[in-house]
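All chains, please: the whole structure from these sequences, using the hints.
One line per chain: the protein sequences are A and B, in this order. FYI, the numbering for the first sequence is 1 to 222, going by the working numbering. FYI, the numbering for the second sequence is 223 to 689, going by the working numbering.
Keep in mind that the hints were calculated from the coordinates and are not lab data. Accuracy of the hints is not assured; some may be wrong.
[Said to hold, decoys possible] The calculated BS3-like cross-link candidates involving lysine-lysine, where the alpha carbons are at most 27 Å apart (straight line), are:
| id | chain 1 | residue 1 | chain 2 | residue 2 |
| --- | --- | --- | --- | --- |
| 1 | B | Lys-414 | B | Lys-397 |
| 2 | B | Lys-257 | B | Lys-587 |
| 3 | B | Lys-257 | A | Lys-203 |
| 4 | B | Lys-232 | B | Lys-600 |
| 5 | B | Lys-231 | B | Lys-659 |
| 6 | A | Lys-203 | B | Lys-587 |
| 7 | B | Lys-251 | B | Lys-232 |
| 8 | B | Lys-232 | A | Lys-203 |
| 9 | A | Lys-203 | B | Lys-414 |
| 10 | B | Lys-678 | B | Lys-232 |
| 11 | B | Lys-631 | B | Lys-232 |
| 12 | A | Lys-203 | B | Lys-231 |
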Amino acid sequence: MSRAEIFNRIRTGLRVGADDSARHAAVQQRLAARAANLVPQRAQLPHDECLNLFIRMAEESAAELIEIQHRSELASAVEHWLGENGITQLVVASDENLQDLAWSAGGTLVREERVAEAGDEASLTNAFCAIAETGTLMLHSGNDSPTTLNFLPDNHLVALSAGSVVGPYEEAWARLRTSTAGEMPRTVNMITGPSRSADIEQKLQMGAHGPRRLAIFLIHEE
Amino acid sequence: MEVRSKEFKKSAHIALHDVNLQRALGNLKAGFPGKRAAAVARLPEFDALRDQARDLKNHILEHLDLYLEEFERNVTANGGTVHWCRTAEDARRTILELCREQDAKTVTKGKSMVTEEIALNEYLEANGVTPVETDLGEYILQLRHDHPSHIVAPAIHLTLDDVATAFHEHHHRPKSNDPAVLMQEAREMLRKQFVAADVGITGANFLVAETGSTIICTNEGNGDLTQTLPKTHIVVSSIEKVVPTLEDMTLFLRLLARSATGQEFTVYNTLSTGPRRPGDRDGPENFHVVLVDNGRSDMVGGELQEMLRCIRCSACMNHCPVYGAVGGHSYGWVYPGPMGSVLTPQMVGIENAGLLPNASTFCGKCEEVCPVRIPLPKLMRHWREREWEKHLTPAAARGGIGVWAFFAKRPALYRLLAWSSNLFLRLVGGKRGRIRKLPLAGGWTDFRDMPVPSGKTFMQQWQEQKR
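If you want it as C-alpha cells, here you go:
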C-alpha cells in the first residue's frame, strides 16, 4: 500500500514516530494561527493610496480600467465599451450586484444569464475583491458566478467596487474566510490582466486561451 | 521518457554547433535574467522573503507527514479523493483507472512537469486514451513529438519558423510566420478540445493543507479551461508541494513569478477545492488529487533534503552558463539545468546521470538566484562524491586527481612544479600573452587561447603580502 509506505519512509527519514505530540502541536498551531509572513511595505497603505496602486498595477498588467462614480452608471459604461468594440452579445453573471442594472431599452445588445459557451464574445462578472499589491482581481465560484464566465469569452468585463480593494493578499484571504464562513468555494480565481503567452521565441502575445481583453469597471460609490 | 543523460557530452557537443538552437537560447539569455533582476529591484523585501521561504520550507519538510495528512483530510472533507503513489508506475496506473472510470476518450492537460516525470502521455496513448496538451508550448511540442527543454518555457529550444512549420503541417493552413496568427490558430484548434474532453489533468504549484486546495499559476488560461469544463478534474502533484495555510502559500507566490519570468504575478492563480458545490452551474463533478512520491520520501532527512525546497521557478537554469550554452535536451531527461543535475541522479540513478553534476562550473549563480536558497553547488558536489565512492568517475579523472594528490601532499614539490610550469607557460606564450596550443589541454585550446599566467605563483604572492 503506497500510502503507508510513503508515510513510513518520511518518518524513518525524519527519525520520528507517528504520534510525536510536540510535532503535532507545532503543526496544529501553525494551521490555527494562519499568521501572515512578511508583507511588503508596498501593500500597506491607506485606502485611497491602495486604490491608486491598484489602478497603476492593473494597467501595468494590460487590463483596461474604466472608472465610474456610481453603480447606476455601470450598465451604460458597459454598453459604451461593448459598442466601441463592436460587440453585440454579453453573458451576465446572475450575481445580485449585477441585478437591476439600468440597461438601455432597445438597442442591439443581446444579454443572457447563463454559464459561458464556446464562441461567447463577452461576459460581465462581479469581483469579490481586488488586491492592490499587484493589481489583481479575486473572483470565486458560486451558484451566481460560474467560473467559465472568467475564461471562455473573448472579452471579460468585471465590475469592481472600490470599497473592496485591499492592499495585500492576506487581507483578501481574511475577507474570503469571513464571507464564506470558512468554507472554500470550488474555485478561487486571482486574475491579473488578460491571457498571454511567450511560448513562441519568448515574445509576448496577448490572448492565448483565456480572454483577450480584461476590462475593469471600478465603481467609486455603491 | 528514455534516460539519455549518459550521452551528455555528445549531446552538448551537437547542441553547441546547432545554429538554430543557439539562436533560440539567445532569446532565453536576453529575456529571463534581466526581467527577474528588474522585478527583484522593485521589491525591497525580496531577500527577506527568500529567507522566510527557506525557513518555512524547512519547517514543512520536518513535518511533511503531518501536513500531508491534514491536506488529505481537507480534500476528503470537501468531496475530493487523494490517491497515494509510491512510484511512477503506480501514478500512471491510478490516472488511467480514473480515466477509464469516466470512459474517457480524450483528456486535456495543463502544463505539468510531474506528468512528464512519470511519462504519462505515452502511457495513456498506449492504453487508448488521447492526451491533448493545451499549454501553447506543450501543444507545439506534442505536434512535433518533442519534449520540454525547460520547466517553465517548454519550447524555448524552438524558433518561430519551427513552430510555423509544425502548425502548417498539422493544421493544414497556409504557413504563417506571425506569432499572433500562430497563437490564434492554436486557440481555435484547442477550443474544441477543451469542450470535448472527458477528463482534465493539471499539475499543482502548491497544495494547501489548511483548505485541501490545489493551486496552479499560469498565464494562458488553458489550465483553467482544462479543469473547469470536463466532468472530472485530476490534479497530479508531487508530495513536497504541500504548504500549511493560504498565508504560507502567499509567501511563495510573492517569489515564484518574479523568480521565473520576472512578472509581478502570473495572470491566473487559481485555487481548486473539491468538486463543484450544490448549486454551482459549472465546474467538475469529480475531483481527484494524485500524489506522486517517486523517490522524494527517500530524500527526507538525508543530505538531499534541501532539494525538496524547490518550487520549480527555473531561475537556476535561466542563469546557468552551462544550460545557456547547451540547452535543456542535452541533460537527457525531464529536469534540466542545476536543479535537474541534482534531481535526475536521485530519480534515475547516479550510474545513469553522473555526468550531470559534473557539468557545472560551480560559478554559484544558481544558488545566488534561488528563491528558497537551495545550495545547488553543494548538492552537485554530494553527487560527485557518491560517484567517486561507487568508482563511477572516469579513469582519466581518477588518475588526474591521483597525480594532483601526490603533489598536494608534498608541498615543496608542489611549489616547485607550480613555479616551473609558470615559467614554462610564460616562455611558450611569449610576448603575445596567449597560448594557441598546449599538449593535454586540447579541450581548452581547440576553442580559445589559453592566457599566459600573470607572473608569480599564488604562494609567491602570499609570502610577499604576508609581510
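(Q) Tell me if the straight-line CA distance from B/Lys-257 to A/Lys-203 falls inside 27 Å. (A) At roughly 13 Å apart (the allowed maximum being 27 Å), A/Lys-203 and B/Lys-257 satisfy the hint.
Given pair status - B/Lys-232, B/Lys-251, alpha carbons within 27 Å:
holds, 23 Å
Hint check: B/Lys-232 vs B/Lys-600, CA-CA at most 27 Å. Holds or violated? Holds, because 26 Å separates the two Cα atoms, which is no more than 27 Å.
*Decide if the proposed pair is consistent with the structure: B/Lys-232 and A/Lys-203, CA atoms, cutoff 27 Å inclusive.*
Violated: B/Lys-232 and A/Lys-203 sit about 31 Å apart, past 27 Å.
Exercise for review: Verify the proposed pairing of A/Lys-203 with B/Lys-414, using a straight-line Cα cut of 27 Å.
Suggested key: holds, 26 Å
Given the hinted pair B/Lys-257 and B/Lys-587, is their Cα-Cα distance within 27 Å? holds, 16 Å
For the pair supplied as a hint, A/Lys-203 and B/Lys-231, is the alpha-carbon distance within the 27 Å limit?
Judged against 27 Å, a Cα distance of about 31 Å means the pair is violated.
What's the verdict on B/Lys-631 and B/Lys-232, does the C-alpha distance respect the 27 Å limit or exceed it?
violated, 35 Å
Does B/Lys-659 sit within 27 Å of B/Lys-231, going by the straight-line distance between their CA atoms? Since the Cα atoms of B/Lys-231 and B/Lys-659 sit roughly 22 Å apart, the hinted pair holds (cutoff 27 Å).
Would the pair B/Lys-414 and B/Lys-397 pass a check requiring their Cα atoms to be no farther apart than 27 Å?
holds, 22 Å
Self-check item: Straight-line alpha-carbon gap A/Lys-203 to B/Lys-587, limit 27 Å
Solution: Holds: A/Lys-203 and B/Lys-587 sit about 25 Å apart, inside 27 Å.
Restraint status (C-alpha distance of B/Lys-678 to B/Lys-232 at most 27 Å): Not OK: B/Lys-678 and B/Lys-232 at ~38 Å, beyond 27 Å, violated.
Checked against the numbered hints above, the structure violates hints 8, 10, 11 and 12; every other hint is satisfied.
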